[in-house]
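Work out the full structure, taking the sequences as your base and the hints as a guide.
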Amino acid sequence: MATQQSTIPSVSIQDLTVSYSTVYGRVRALNSVSLDIQRGESISIVGESGCGKSTLGHSIVRLLAPNAKYDSGKIELEGKDVIKMKGHELSRMRGLDAFMIFQDPLNSLNPVKRVDIQLLEALRTRYKMEGKPFVEEEAYKEAEDKLTDVRMPDPEKIMTRYPHQLSGGQIQRVVISMGLLMRPKLLIADEPTSALDVTIQAQVLMLLRELQRTYRMSIIFITHDINVAYAVSDRMIVMYAGEVVESNPSEQLVRNALHPYAQALIKSVPRTTKKEGRLTAIAGSPPNMLHPPAGCRFHPRCPYVMDICKVKSPPPVKMEGGAVVRCFLHGGTDS
Amino acid sequence: MVSNIGFFLARRAINAVITILFLVLIIFILVHIILPSPIALARLYANNPHATPEYIQQVINRYGLAAPIWTQFYNYVVQLLHGNLGTDTITGNPVSTVLINYLPVTLELVIIGQVAGVLVGLYTGGIAASNRNRAPDYGVKAIYLSTWGAPPFLVAVIFQLIFAYWLNLLPSSLVVDPTLPIPAFVTGAPIIDGLIAGNWAYMYSSIQHILLPAATIGIVGFGLVTRLTRASMIDALDKDYVKLAFMKGLSKRKVVWGTAFRNALIPIITLIALIFAFSVGGAVVIEDVFDYHGMGWFTVQAIYNLDYPAIVAFTILVGLSVIAANLAADLLYAAADPRVRLT
Amino acid sequence: MGLGSIFDNMRRKPIRAAKSGTAVDLGASATTLEGGQAGEVSAGLRFYFLYLRKDRAALVGVAMITVFLGWALIEGILQQVTALTGNKFYELMLVPANPNTLDFNHVLVAPTLNNFPAYLFGTNYLGQSILARMMYAAPHDALASLVVVGSAILIGMLLGTTAGYFGGWLDEGLMRLTDAFLSIPGIVLAIAIATLVGGGFTSLLYALMVVWWPTYARFFRGQALSLRDKAYVEASKLSGAGSGRILLKHIFPNSIDPIVAYATLDLGTVILTYSVLAFLGIGLTIGYPEWGAEASVGLSYFPYQWWPTIIPGVIIAAVVVAFTLVGDRLQDLIVGRLTY
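Listed in order, the protein sequences are those of chains A, B and C.
All residue numbers for the first sequence refer to the working numbering, where the first residue is 1 and numbers rise by one.
All residue numbers for the second sequence refer to the working numbering, where the first residue is 336 and numbers rise by one.
All residue numbers for the third sequence refer to the working numbering, where the first residue is 679 and numbers rise by one.
Rather than coming from a laboratory, the hints here were simulated on the basis of the structure.
Just so you know, even glycine gets a beta-carbon here, dropped at the ideal spot from N, CA and C.
One thing to keep in mind: the hints can contain errors.
[As the list claims (entries may be wrong)] Chain A regions said to be covered by chain B (calculated; three or more residues, Cβ under 8 Å):
no. : stretch
1   : 90-99
2   : 118-127
3   : 175-188
[As the list claims (entries may be wrong)] Chain B regions said to be covered by chain A (calculated; three or more residues, Cβ under 8 Å):
no. : stretch
4   : 574-584
5   : 670-676
Below, the structure is given as structure tokens:
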């Protein structure tokens, strides 16, 4: 994790462990996760379903379900301890510091309120938190302008519509513009394009990338699709079974992934040439989160498994070029 | 943009009419299945187990019970449309005149009780859902379980015990102090008539007498509403737009009551008719225990006296009012949910 | 366990798990955690027990239901034996006192620990032990709830599933019919039918069965509607299976699971309705102290002697609450509102 001496990271997660209480017992969704994100950086968290990436995103903004618990660790957003926040401070953090967009456009917006009402609601809250007076006309204009910024055709018409009258892509744009209106320092996108058409997907991704540069936000992009991750982010974080197994700048990861799981992910992307035409799947089945494998959680499926992997959990090891990996192949056997 | 709320309501109204027809048909068929022969029917109307065969024949002739079933049904529907629900076998008066006196009393009671129960239930359900699995949730759960499970006569009796006998705060029975002069008949509902006539003593007494029975009816519905609201709120609180509301920086109170609750109300509206039906069912027993002279009380007397036309008429009336409640609920639903109103 | 295997055969059914909760697949050894993931949750008796175990209130409910049904079963069988042999000994064997003998020396005795357990709930205006009378009348309530709900499920399944599957006029007809039925509160319609028919316990049961089936018919219709478009039904059709076979193999078995919770709740509701009807004097049998009827009779001595009317009411409430505790918890699970 490259840390610039002069600036504090936008997000700093240290040794975070989060567990859910379920009918069957306690499930550890996140196990000692550590992660730093610099201001203006765009990273993506990649992994298969159930690896904990969505939980990680939700835990940063305290949107976890009632049955979840922060067992240990620390989350600092803009230098402030998130886990200890309460009441007004918590609302303030959620309002001004971060914003989150979600996967399924169908339920993203309040179905019973018009788009303009919902956007104005966001502005009203921000003005109040910043101590500015709320002037309706001014706010209305600002909202409409933002809709234009997200490349929404006919913003005036969209303002007067209800969410069920909009398409999936339109809804995502409205949500993104709502986020921009809040001027967050961090934007978390939880699989924002998985439910959209491929063409719309590309548009939304491009939009996000552009906005990130313009507004200098940090973006956390959560996805299971490694192609999308590569396209939108500077750095990729690979998660498996609740742990961060590799953190690497995108170019480096794609060309030379360090962790066997990351390697398998890259290899499993279908290519078009006949020579490499065979589909490679990752051997084995997803891990049982109630009783995860001992030692390295990936070891039952790892082609390079060693004896130590079955017993000890590999610690994070810093590599060249700013990569960090948790794998005994690359070191850590002495700790 | 044309709102199709008009079409929506028209469709619903037509449905309601068809349902009413079906309702009458079902009751008619049920009666005739249970009592297939004219003689059996006549015994019903004669209300006299020792009636002579000649008397039975007279009854058959008088009510046209020997005619083919289609004719009877046709006559019955025609009579219904004219507001003739049959003749009360005890007093000999048309059932409709008898019921006119009692129906508004019961409606007043049920509506007041139901509104109170629903409002409180909505609130407690919301509290329970937003404090899931913590103390308020358990508290609310305990309350609605005991109120739902207790039979209406038990609740009524306990209320009487506490408020009328022990604390001596409220009267234990009747609709109004019988020594007071009665105001002119406008709606038939005691409180409203008292209000219109400016007869404050009467109105005040009616209010005193309605509190306990209304509270009992409210309790009957309160449990159900709380459970439904809690469930609906939990569903709503799970949705992404609630998380989005948090991300806008809104306080928990605003998100719970402004966003989630507003959405949770929608499915509950569709159940209002169900809740209403439930309350009416309980009203029969409650009026009996409180000696509250409404339609339910009258029906209980009818049961004891085997006054069948009255019982059948009561059933049809209740069915009609539930259908009306359904229509009202449909209206509310269209108003509350823009997805229904607009294309 | 025999009963369990019936449910185990219906295992592989997706039950939507709450977005905020977790979905756990019992069949495989995999567990998915993602918020927003619809999980595969296997139904099955074992699963329900596991789930109920977590909620202490529901466990209390299960215990109370077991006591109630167990006792009702035993006493019910004994009453049948008495009916067959004519010897009253059997049905009175396990009851603390004779529920029907008059004892004018002990009229309206308040609940007391003397003469335990006969006077635990006191005596009524005829000196009869209220506890004995309650225990004696239990089988009717249990029988009523099981028979009514069971028949409602059967009738509802037959009518609703076929209507939903075949659609068209059959469906429309059923909808109108159930609409009409459902616009009359159950109690009111049961009153009407029961008084018209006259008679006692069995007539009341018939009346309740007529009243109860429409809700289930609507439910099964809904299930059939959503199931008939499923892939495996299409596949069956393609491989030449007739409608009957499809209904039997795919639609019926997959419809049942979600109603388990509702049916449990309903068992309580039937008992509630039944007791209200008994209160009004409907469906009574001479010499059989129905719970509701006892409460009604006790009303004459209220409020000075509160126990003859309040105790039966409390007992009814306890039984209904027990069913509600269990049914509520199951309902949360099945609808996907997993609680923890």
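Against the structure, the hints:
1. 90-99: holds (count 7)
2. 118-127: holds (count 4)
3. 175-188: holds (count 4)
4. 574-584: holds (count 10)
5. 670-676: holds (count 4)
Comparing the model with each earlier hint shows no violations; every hint is respected.
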